[in-house]
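Student: Residues per chain are reported as follows:
There are 4 protein chains.
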Amino acid sequence: MKNLRVLQEKPAAEFKPVQMQGFAMLGIGKCGWVKKSIPEVGPYDALVRPLALAPCTSDIHTVFEGAIGERHNMILGHEAVGQVVEIGSEVKDFKPGDRVIVPAITPDWRSIEVQNGYHQHSGGMLSGWKFSNFKDGVFGEYFHVNDADMNLAHLPDDIPLQSAVMLSDMMTTGFHGAELANIPIGGSVAVLGIGPVGLMAVAGAKLRGAGRIIAVGSRPVCIEAAKFYGATDIVDYHDGDIVEQILKLTGNKGLDSVIIAGGGSDMLEKAVRITRPGGTVANANYFGTGDILPVPRLAWGCGMAHIDIRGGLCPGGRARMERLVDVVRYNRVDPGKLVTHVFKGLENVEKALMLMKDKPKDLIKPVVLV
Amino acid sequence: MKNLRVLQEKPAAEFKPVQMQGFAMLGIGKCGWVKKSIPEVGPYDALVRPLALAPCTSDIHTVFEGAIGERHNMILGHEAVGQVVEIGSEVKDFKPGDRVIVPAITPDWRSIEVQNGYHQHSGGMLSGWKFSNFKDGVFGEYFHVNDADMNLAHLPDDIPLQSAVMLSDMMTTGFHGAELANIPIGGSVAVLGIGPVGLMAVAGAKLRGAGRIIAVGSRPVCIEAAKFYGATDIVDYHDGDIVEQILKLTGNKGLDSVIIAGGGSDMLEKAVRITRPGGTVANANYFGTGDILPVPRLAWGCGMAHIDIRGGLCPGGRARMERLVDVVRYNRVDPGKLVTHVFKGLENVEKALMLMKDKPKDLIKPVVLV
Amino acid sequence: MKNLRVLQEKPAAEFKPVQMQGFAMLGIGKCGWVKKSIPEVGPYDALVRPLALAPCTSDIHTVFEGAIGERHNMILGHEAVGQVVEIGSEVKDFKPGDRVIVPAITPDWRSIEVQNGYHQHSGGMLSGWKFSNFKDGVFGEYFHVNDADMNLAHLPDDIPLQSAVMLSDMMTTGFHGAELANIPIGGSVAVLGIGPVGLMAVAGAKLRGAGRIIAVGSRPVCIEAAKFYGATDIVDYHDGDIVEQILKLTGNKGLDSVIIAGGGSDMLEKAVRITRPGGTVANANYFGTGDILPVPRLAWGCGMAHIDIRGGLCPGGRARMERLVDVVRYNRVDPGKLVTHVFKGLENVEKALMLMKDKPKDLIKPVVLV
Amino acid sequence: MKNLRVLQEKPAAEFKPVQMQGFAMLGIGKCGWVKKSIPEVGPYDALVRPLALAPCTSDIHTVFEGAIGERHNMILGHEAVGQVVEIGSEVKDFKPGDRVIVPAITPDWRSIEVQNGYHQHSGGMLSGWKFSNFKDGVFGEYFHVNDADMNLAHLPDDIPLQSAVMLSDMMTTGFHGAELANIPIGGSVAVLGIGPVGLMAVAGAKLRGAGRIIAVGSRPVCIEAAKFYGATDIVDYHDGDIVEQILKLTGNKGLDSVIIAGGGSDMLEKAVRITRPGGTVANANYFGTGDILPVPRLAWGCGMAHIDIRGGLCPGGRARMERLVDVVRYNRVDPGKLVTHVFKGLENVEKALMLMKDKPKDLIKPVVLV
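Chains as they are written, first to last, in the working numbering: chain A, -2 to 367; chain B, -2 to 367; chain C, -2 to 367; chain D, -2 to 367.
FYI, nobody ran anything at the bench for these hints, they're computed from the structure. Among the hints, a few may not be true.
Repeated chains share a single entry, so a pair holds when one copy, or any two copies, can fit it.
25 Å max Cα-Cα, derived DSS-like pairs, lysine-lysine [what the hints assert, rightly or not]:
1. 348 - 132
2. 224 - 334
3. 27 - 341
4. 250 - 132
A quick note: this is a predicted structure, and the numbers were derived from the prediction, not measured.
Hey, can you work out the whole structure from these sequences and the hints?
Tutor: In structure tokens form, the structure reads like this:
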């Protein structure tokens, strides 16, 4: 690792190295540092070096559970802010040196799916998600961003790096759960799971105007953050069946909206059981195992309860990131509260990733400043 | 049965009998004729005598499968057009002698659920459905309609009775499947099941502007009707797995919208598999068995495919029925094609019901003219 | 006035007076105290005595501009919280002694317009608004509430009366502006006018997740409150044309959403000019004068800019009030900041009303505690 | 003109001429044939030669009213089907020889406006409209199409050219009026103006499930076509004020939805007057004159009637055209009925255009087969 940061000792404009190091999935169950060629930049693309990185639970799923299948020497990571190093000939709004937010989702905007309203699925289901899925991720000395003008956003100076890197995935994902949930002003909401995505779902529910927000979780550090972001009630599964606890809190009426932000496939069943007729279940969770997700027949009114069940990959792209920047700039939500551990130096992405695997009890989200 | 129609030999206005006969569920698995008091009419209500009746598959589920639990001597039936016999003191827009369409769903409009946008669930999940659910149904010499001004619609003279009785449930249910399905103009749709509800879902999909409509079914009489109502392709499960057949028809892309209008709990799984990312699955079916309805995890994008799953009891009430009258009056859809068997005389509701149980191959829907 | 409060010295249950006093519009341009019979209560209705009252600018329009036409001896006022004195035989959820929030809009829920989704227009355009429009208002010793179970909400003990009375109209109206405005999370919003409705529109825009909120106004007390409720930028018409100022702030791009909350008919023109293509103009204002409201042809893209223009009377009824109670109870918005002047005693409604007419510079909203 | 078609005597692949002729706006009020270089094709673009063309009323506005300002030697026309002659290096789904539908709206899909949901305004208000607006149109021997994979659709052999050319603008525009109009199944609709766009709005309203459709027009050829496409009532302004006539037809209740498809700025006022509270006014018209479009204050409920006023440039691009192809292929709507005059030979675009200017009484829409 000793040579790792040499590449950056000279300004990028002067010196263009040809190789770089990155922290990669070597195969299912194994990860480590690899050397790779620095990516070529097409006419619409950018090369970016990371300023701050964060590992995601889905990186853990990818490496240790083989959730997206086998991959060899694929650099991990999809949460980053960085600095533009090189741009393609057609890039207009960014130049080398610009500080940028890099969304986890970087779609091909020229696609039929975009015309149908879902950039997340441009080129096929979930294919707007490229980093550490079917191209090298951001845990390297450099990474490639397709369609820079459409997929990067300028990072204002007054937003700290460790807050800004929460926008790439955590904030857009949690907020999307709230967006899908059709929350009326003053409506009642439950958020199932209060890891970093769930906490941003709590914040998102508050942002959409929720009244009561029941957050389901048990770790003290997360409970404290949930209250900070707007939760009004905490339900802990150690205290009994969460469906019963929540129904009791609502006088057995059920909730306007339920956001799933963690847990296994049984969470869909629980979510439907606590939603009122005419309410909405929104999923912001990546379900990693099981052939089926069960909808409880009777609680779903034998198919006739008007309980919508929705779920979708978070929005990415530039316009989304710019609006999230405004959420932070205008003090609507402070994502910094998510960050419990900060490392310095790219070489620490490995440690940070392992934290996400081990989940010590004081962890919400680690960040690596590069 | 010989006295059955005596009550109607004198005009209703002159003679008010106190007892009536009706065809009832006696208990799970048993049905027969019962004598009951003629219902009292509250200030906002109406007493109606049937002019045309139709049995529904759900009557079969109710009696022979105990789908809604035990009931004793509950008169069956929720599809009717009739003539007003008596009105309460506060009824303004209807008077004895008026010919009316009676929706299957007759909500309490004074309820919080109406304020939340779902009259179907006024008073509790599915509780807008009263006839043959938790009050006597329409298969009697008379029946009671709550809140007549809100729940009846005038029946124009130029709509045949046997067509009009299709509005109460078949048309509003099938159309609601199409309404929930978010069909874009020119969009591709599959309708799973082409019994009477499925056929009205086909007609509804066409009404919302669908291009291609793939109908799944096998009985020739239904296939012919499906084409009449707008189906462009027929898929028969006898020819192999319907998921494979439909995906092949779409070049493996999946459909914009899928409407479930029949079948068991596995239909939800099949529906998700044939829907494109960003598309919609809409259920118009009453799922009668099974604890859970399975959502296929991978086909649902591990929770992130933006495939909305929806389903709801059909809209009832006056405004809905009046708009359906306009659909028929202006020749947008002819529901008469659904009716394959016509009986005369109330005493034949039993035969008509048994037809729904036995489903002979030339049957779509029987009607009893009274 | 000396006998005014005698009626309340004995508990309502013991003593039922037959006459009451109220502050009324005597005719266009004239108001004063009148004696009237205490209203009769029908089976679904309630008689309520006020605990807190607030005058509205529309009371001023009604009396002094004849905005809704001539009225004789009509008691004014539609913003109240109170205590139930008497209920009809069919009222289930309220009893004498209950403290209640009374919405300005108290629809007939049994109406076709409700079936079409707009309770505000039940019985005809704007006819959900009854108090001080076509029935006596709340500025009396007692007032009548139609359909108590549907139109009242319980007032929790921990919400101060002067805050609670802001829910009847100010909060539901301002929030409705934000609801109509299709605000995306992080979106940019302008609120034109920051009287009490505009301030609640600012709070509502924040509740829906707005990023930047540009508030247009000039009075210091309102500007301070606008910042308290979430405004990020203040534009003052004394500093030049507001369209130019706002466009400049947005880099000439226009806003996602614009809410009109005050001003004359030219506000619609200004609002369209500052909205981006694909954005929304939402009106929460009562336009009192002029034959037409002008839409600027070119700024509206010659009819093709996809700038939606919307506007509607605030939602009323019980479910709405209950959700607004939750907004306050869970500390999402504190309406108390609106109240700058508090009077004690019903006899002071006159003074409070005159304050709304004279608009001293330290006024946002006066309240009368009874 | 005698050499005009020489260029096409040899297959395009063999012979690439450098100059072409086109029918152009020479300046406001003047049009004529010009010689121009054949456009260069960028990596994502295509060069197309027309197979069928249609002039649009907006071409008339452009030339003779200067509606979009001055233009010099700009080739006119934006309605075409054609054959691909040349493609750029990055085009994947089209090749020389392919027959294609060319939408009037050919956006830059890589734009922030697309990310905000409105491709029509990519690059600025209305800027998705390029042909004969700010680049040469389709009335030439060749024309240039930006981003071919995103903006062209394959033309099936079984759709006649003269029908297919109606998809480019007339069908997508008329249908968009219906899409914006929020038509409920069985809902009542008025279409103001029954030129070709209005006729497609009638067809679109029927496609969305309208019951009654009141069409406003007077020319017999248009009235006959309106009935063909689904109009149930015809209102002629020669018979008196159309607002009064329409309100009378609806029993003074107003309509669910009103689509403006022609007329001057007063049409917005008329449209609002005939819409019920909670209904929608949708504009599909290009308003060419006047500073303002008037909204009638009282009929709009003083700003509170919940009558949405909407309007937008038609959707273009590939996915839209493909769905319209399905509308035609599956016999949902036959656009061929619009075409009353067919010319052969590019040289006749001039005659066809003049027909649109003179509007003889048997004209709906002329087509030029090339």
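Student: Hint by hint, say whether it matches the structure.
Tutor: Results for each hint:
{"no.": "1", "hint": "348 - 132", "result": "within (22 Å within a copy, 56 Å between copies)"}
{"no.": "2", "hint": "224 - 334", "result": "both (11 Å within a copy, 24 Å between copies)"}
{"no.": "3", "hint": "27 - 341", "result": "within (23 Å within a copy, 69 Å between copies)"}
{"no.": "4", "hint": "250 - 132", "result": "between (46 Å within a copy, 23 Å between copies)"}
Violated hints: none; the structure is consistent with every hint.
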